[in-house]
Amino acid sequence: MASLPKPDELAGINYNPPRTGWRDTPVEFRRGTYCYGAKPKNLEAVGLPNPRDWSPEDQDWKLPENWKEIILEGLRERLGRFRSLQIFMDACVRCGACADKCHFFIGSGDPRNMPVLRAELLRSVYRRDFTTAGKIFGKLAGARDLTEEVLKEWYYYFFQCTECRRCSVFCPFGIDTAEITILARELLNLVGCNIDWIAAPVANCYRTGNHLGIQPHAFKDMIDFCTEDIEKVTGVKVEPTFNRKGAEVLFITPSGDVFADPGTYTLMGYLMLFHEIGLDYTFSTYASDGGNFGLFTSHEMMKRLNAKMYAEAGRLGVKWILGGECGHMWRVIHQYMGTMNGPADFLEEPVSPITGTRFEHARSTKMIHIAEFTADLIRHNKVKLDPGRNNHLKVTFHDPRNTSRAMGLFEEPRYVLRSVCNHFREMPENTIREQTFCCGSGAGLNTDEYLEMRLRGGFPRANAVRYVHEKYGVNTVACVCAIDRAVLPTLMDYWVPGVGVAGLHELVGNALVMQGENDRTTDLRGNPLHGREEGEDV
Amino acid sequence: MNLADLLTKKQAVILERWFQWFLETYPAETARFMREEKNRFANPVGSSVYQGIEGLCQELLQGMELDRVYPLLDPIVRIRAVQDFPPSRAVAFIFALKKVIFEELESEIRGGQISVEELLELESRIDNLALLSFDIYTQCREKVSQIRVEEIKRRSERLLQRANLVVDPSE
Ligand code: SF4
Ligand code: SF4
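Protein sequence lines correspond, in order, to chains A and B.
Sequential numbering from 525 applies to the first sequence in the working numbering.
Sequential numbering from 108 applies to the second sequence in the working numbering.
None of these hints come from the bench; they were simulated from the model.
Some, not all, of what chain B presents toward chain A, calculated at C-beta under 8 Å:
| no. | residue |
| --- | --- |
| 1 | Glu-136 |
| 2 | Phe-140 |
| 3 | Phe-148 |
| 4 | Pro-151 |
| 5 | Val-251 |
| 6 | Ile-259 |
| 7 | Arg-261 |
To be clear about the criterion: a stretch of chain A counts as covered by chain B if any three or more of its residues have a C-beta under 8 Å from a C-beta of chain B, and this derived list gives those stretches:
| no. | region |
| --- | --- |
| 8 | 619–632 |
| 9 | 973–982 |
Every value quoted in this text rests on a predicted model; they were computed, and no experiment measured them.
Quick reminder that beta carbons are idealized off the backbone N, C-alpha and C, glycines included.
With the rest of the complex left out, here is chain B (with noise of 0.2 Å):
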């Protein structure tokens, strides 16, 4: 069996597991919740993470096109930038998809029957995720800075215009 059939065959494993870690960055409370809730509207967190794991589970079969792979991968990214965690544990999902492979296909690996340059392949598109979601995560926090201007410009912009303050040159 190549690696695609091994990965096919594990695949539920394979989301079980990285979801799993995924819920384990948060404390068991939330975690739980996140689990359990079903409802995408009362439990936005757990849902758009869970769609979006599923979702790079299945593009990590099918060549990871980068179109396919943003809005996956952006909506758990810009969630993550705005919690309570570190830049690197933010992104840390990315790898843990690595470890969960791993684990998962141990014995196939050590028993020699998936060939190095599919190792390298899988490795290699994982890792490509990994950069594109640091880029996503620092789209987000320069969006934090941006938004957060542009709220204190709303707030006083009439009054800045009513003194003068603002000339727009094509008046």
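Here chain A stands alone, though its shape is the one from the complex (with noise of 0.2 Å):
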């Protein structure tokens, strides 16, 4: 017959950590936990080297011959050009300060998905290779060979990492664990190891400007049959452009406002508010997509992927952009676009044509976010807003890693909230602003083959939200992420039935009180209002 398990086996009573340790246990790709493998045609589309059909499991990964040498020569080439990374590798003194901060660790208790011992991946092939200590004494000095089990760590625990930062907010020495994961990625690349969800936009992007791939005709289509949905709720004809030179602003935000629910709800915000104050804006079907999912590439993609942004506010001759709700795409703009594809010294600083407020900060990108040029209008109230048409909706906010720790966008977003919901509640301070927990999809990772991660990874993210609906019955999180919009849905569906996602611009939509609209009776998405009572804070 054969042998059971003992009960006391099959409970895992005897459980215990591999006695191996974590430098010498090879990691498995089960179902669920990994993303797939890049496909060949979307690495050849942009150029990037390797191209072939692999899973990561399988045992061949097929790699170069050389695949050693270009990753080693990769890292020194980047050491050189990155003095952070340089610095990164030698100023972690292993304190422990940022081990318990990562919503992987936390939501999958998986000791690797500790930021330290995240960075620790890298920073050990470093040590072996590039300094005396790790070329003399090995081992001893915490240093190991680049092997192909190591390079499938790094595959497996660098795409596990949100490159959220939240690890960097508690680091002593601000050694950031999401750049080191940005630098991981960009080696990962020289011998063709991306992930597909990452690769396929890359290449979409690149070839149509947008994730999906959608062609002008189809993009300006999308936004048309927008339209439409605004004149059934408000039976107001709001009138967009597209690709028309000399228009003030030049308007761009991620796809998914455009094709995917509930973003489109949002993208029914945007036009109905530019509608209202007569904004002089136009869209542009080329920079079809504020995403840059090179960003999750290398620099060089991430250049040029943003670099379609300031040519097409050239070709149009606006004055300066505006940006939609998003979060990755803000960290491109914020901390890279300025210096790297600009300066665009054909644009200028931006100014709000209704209220006259200059944009000083954006001074460099020429670029300012939507929620802080609503917050502008509603200040100088340029806008009528009825925010008993949100009654039925009690509101939190969820930080997006990028616009709070990359951009610092914190009080906009919630003035905007307070002036059109009646009903707003924080979040635990520990999750909120600097501090924020990451939906655990972002960073090129909300795919579905990788949801029971994603469900680990944005549980302390939900749990804070669980918190704030049981206590005070909030019902709705609102972002301004279109990843967020994308994901949040699906984790809230699994972790808190009963709480559903909106877009910022989504609720300014519901309150905005347009001139010749129709009595509303539901909001953007077609649900009856009511409820409509003075709302007393929840």
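Take the two lone chains and join them into the complex the hints point to.
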């Protein structure tokens, strides 16, 4: 008879962590916990190396013969180019302050998700080949040879980091594991080890300007479709323009707002607002996505995909650029664009044509976030709002990792929310603003085959939502990021059923009183408006 | 002393040992964090589990009403169902409670201070918990498949509508 596990064994009572320690325990690629490998056609489209059919579950990853040299040479070159990388490799004192701050560690319980150990994956190789102690003492000095097993581990754990930077907030030396991940992914890309969920949008963006590969006519068509929906709800016909030369402002938003629910309701909100204030703006059907998965591939790819923004602004002759609700797009814009593809001297420092406010902080990039723009409109009483139309929503606000830790956008969205809703509640302090917990699906990991891991990583966020849901009856998470809008509904369905997700400008659209509008009976989603009584704070 | 009194007396030890058992299903570094970090938002797994099993220990003495037990059990199983455990290990913590209690009460049981009826009653309460956690586990896994499909649908719903591929017969 086959031997059955004894009850204690089955129950895991004798469970111990692997005796070998993390350095010597190879990773196991099980479905649900890794992202599919990049398809050859998507690497070929942008000329990335080593296109081939492969799966992370395969024993043989079909690496180029000299893959090790390629990676080590790539690392050497980057140590020279990025002073930060050199410092991050040398400065960590293993104090552990970052160790328990990563949502993937907290949610999965896997110690290799401690940021310090994630960085150690790269650092141990760095020590072996780039430090004297490591060359001489090897393992004793915490050094490891770069082997295929190590490379597989990189793939597993560097595509299990959402580059959210929460850990860096707690590091006394400011070591930014997100940046280590960014560079480790660059190295992986040198030998063709990207994930397809990043490679495909990159290829599409390169060809058509947006993640889905939608062509200009279809892009316009989708937005026209959206104007029909607006007319149904409000009776007002809004008329956006496309590629219109001489418009004052170019508007660029993530394509998720155009094609995917519930982002589409946010798009309705933008269009309604622009119509109401009479903004002289245009869409570009080429810069048709603010999203930039190049950021998750390499610095070069980020630059290539970002270039369309200034190119289109120049071609259309606008004065400045207004950007929609997105997360990572803002890290690219705020931290890199001005110097990477700029200076865009042909543009002007953004000035709101409605209020006259000069957005001096955007002097370099010439691009501002729509939450800033709208907050300024409200501050100057330029829009009429009826927050009672959002009375059926009890709202909390999720700070996206990028707008908070890469941009410092905290007050504007909250100011807008408080103006358009009567019921607003903050989540606990250690889960918002600088300390916000990421959705667990960012940095290109929002693919369905990775759902199980995303649910682990998203649990700390969901847990804080659950708290305000149970305590104050919160039923809506508002956010200013397209990836959040796509993934938080899934996360909520699992962890906190009964809580929905809305973009900030969807709520603005609900509350916005438009000239010539019908007596509104539904919100933008077509849900009946009831409970419109004056809201007391929940 | 009857079983209920003994359990009440030993409740703190039982809870402690049960929680410890639970933590040991994770690697040592993780277990340490889950035990030591007391802020429930910084340590949602540790605190959800502790809260849940603390409540379940109480319920053991109070008749195990389904509508009280379910909200205690659900958060624990919901977490385990998406962590890196096979189903057997995900819900094994219920059986660990038996082991913990029997070890704690070993001398009383051997000494015949607890009646067989009482013991059987206790066992069946724990068994019921186990059955309930199988149900919850299965619901969670079904939910994972369902939300995966729904997410994909949301992603392209608009395009399909636009291409007139989705027909709403009521319109
Ligand atoms: S950047 Fe975010 S996901 Fe990456 S290690 Fe740090 S906390 Fe974790
Ligand atoms: S907090 Fe900074 S110095 Fe301390 S272990 Fe983490 S990365 Fe190293």
